[in-house]
Amino acid sequence: MTDEPMTPTLDDDGADAIARIVDGMLASRGESEPTDVALHTQAAGEYRIALALRCDGPAPSLALLSAVERQALGARGRRGRTARIAMRPAIAMACVAAVAIVAIVVGLTAGTGGQSPGSSLEAAAALALEPSHGAPPAAATATLLDAAYRGVTYPNYRQRFGSAPTGLRGDRIHGRAVLTVYYRLKDGARMSYTVFSGTPVSLPPHASTVVFEGVTLHSFVTSAHISVVTLVRHGRTCVLAARATPVRALLALAEWPLTVTAA
Amino acid sequence: MRSFGRTHASTADESAATRTLDVERLHEHVTRLYRAAYALSRSREDAEDLVQETYARVLRRPRFVRHDQDIVYLLRVLRNIWIERRRSEDRLRRDADPGAAEELPDPRADSAFASVESQAVYDAVRQLPVALRETIVLIDVVGLSYKEAAGELGVPIGTVMSRLHRARSSAADLLTAAGIHAPAGAQSLGQGINRSQTTS
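Residue numbers (the working numbering), protein chains in the order written: chain A, 1 to 263; chain B, 1001 to 1200.
One chain only, chain A, in its complex shape (with noise of 0.2 Å):
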């Protein structure tokens, strides 16, 4: 290391036991206090810098987030196509016929309907509860905010409903890539608004459907108890979920950037 650093206060040793001073006060949360008021005074500066580091920091940008977002989606249909160059023939010959097996089992299969087609849709219901990963995104106007996912723009809540955005996060869900937007509703409830990529997803058999405003929207519950509304904007699929909140308060919120765009 070039620079060495500053006059230090402290031998080694002294430095030393400071830091291992603000490690326990870090651990027990400020609890626990030196009881010298020489080491008091310092290890509460020291405190006071680590907790904000640990505790707070600059938010990266929606750019940055959808950059490595893309970066990780490239990255992984590079390996993807690596890997089936390097397929050795008697790997590739087991595969052939595992294929084929596959092929057998859709065909027979499809007449019954398959795999569960509201799977995707249920694995993004359940995005809302998982933790989000970015700060929230700002708003860009009173009924937008600053964030959009494939040509969609998150819609902004806060004037209308009282919901403020509270983060985000990126997911694939099935091969897709997504982006969630979370929302606190007015009654304390925490709610996802899910974007796909590509084409609409399929949706569950058990889902009900209502037309608004020429859109239709569908809605079901899962078996976790989270409500779900699902919609296609711009030609992707959205998804609103939340738990313990009634499937009406979502419609009214998966209904609203339609009414405001068509006003």
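Mixed in with the good hints, there may be bad ones.
[As the list claims (entries may be wrong)] Short derived list, chain B residues pointing at chain A, Cβ under 8 Å:
no. : residue
1   : 1035
2   : 1056
3   : 1171
4   : 1172
No lab work stands behind these hints, which were simulated from the structure alone. Note that this is a predicted model, so its numbers are computed, not measured. Glycine included, each C-beta is placed from N, C-alpha and C at the ideal position.
Fit chain B to the known structure of chain A by using the hints.
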């Protein structure tokens, strides 16, 4: 330039259990990595560029890690890129103006912070000498243990602890010198400091 300071961490037990980096979950580290980049570099733009370059390098081909957490690996790559860039900038600066001092961090207000206190602390950290800055970033921003930080920096644990003390202490002095005092009530430790997390 790839392997920085693994001298203290390379022990016999490390030879076991390698695994591929979990590409599916790498994006979960963006926030911590960005904060580290922000504290190390001079501007938001530099920090974003560092993070993007880190992911680009890591994702270019399959990577294998041993006992490290993914964040440790990502941080090592980020730090290598940062060191490479700093050296190259230093060379350019020396060629252009041998007497030029290191540029100071960009003091522009940054709306991405949840609190003024936090922004002031990050600004103070960015003014620290490199050795102190790296240490406080590894431990307080990224959350490495002393042992992990010692391995990454290639110094003994005792040095990490004394640098950490000096870094925190110097940052606290810079805050005081800038007239930013702890919020009312924070004299009693643990109170008044903004503890809010940016994620819900």
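**Report entry** Restraint check, 8 Å cut-off on beta carbons, for residue 1035/B near chain A
**Finding:** 4 Å, holds
Query raised in the report: Given residue 1056/B was flagged as interface, is its beta-carbon under 8 Å from a beta-carbon of chain A?
Result: 6 Å, holds
**Report entry** Proposed interface contact between residue 1171/B and chain A, which counts if any beta carbon pair is under 8 Å
**Finding:** At 5 Å from the nearest chain A Cβ, residue 1171/B passes the 8 Å test, so the hint holds.
Query raised in the report: If you take the shortest Cβ to Cβ gap from residue 1172/B to chain A, is it below 8 Å?
Result: Status holds, d = 3 Å.
Violation of the numbered hints given earlier is absent; every hint is satisfied by the structure.
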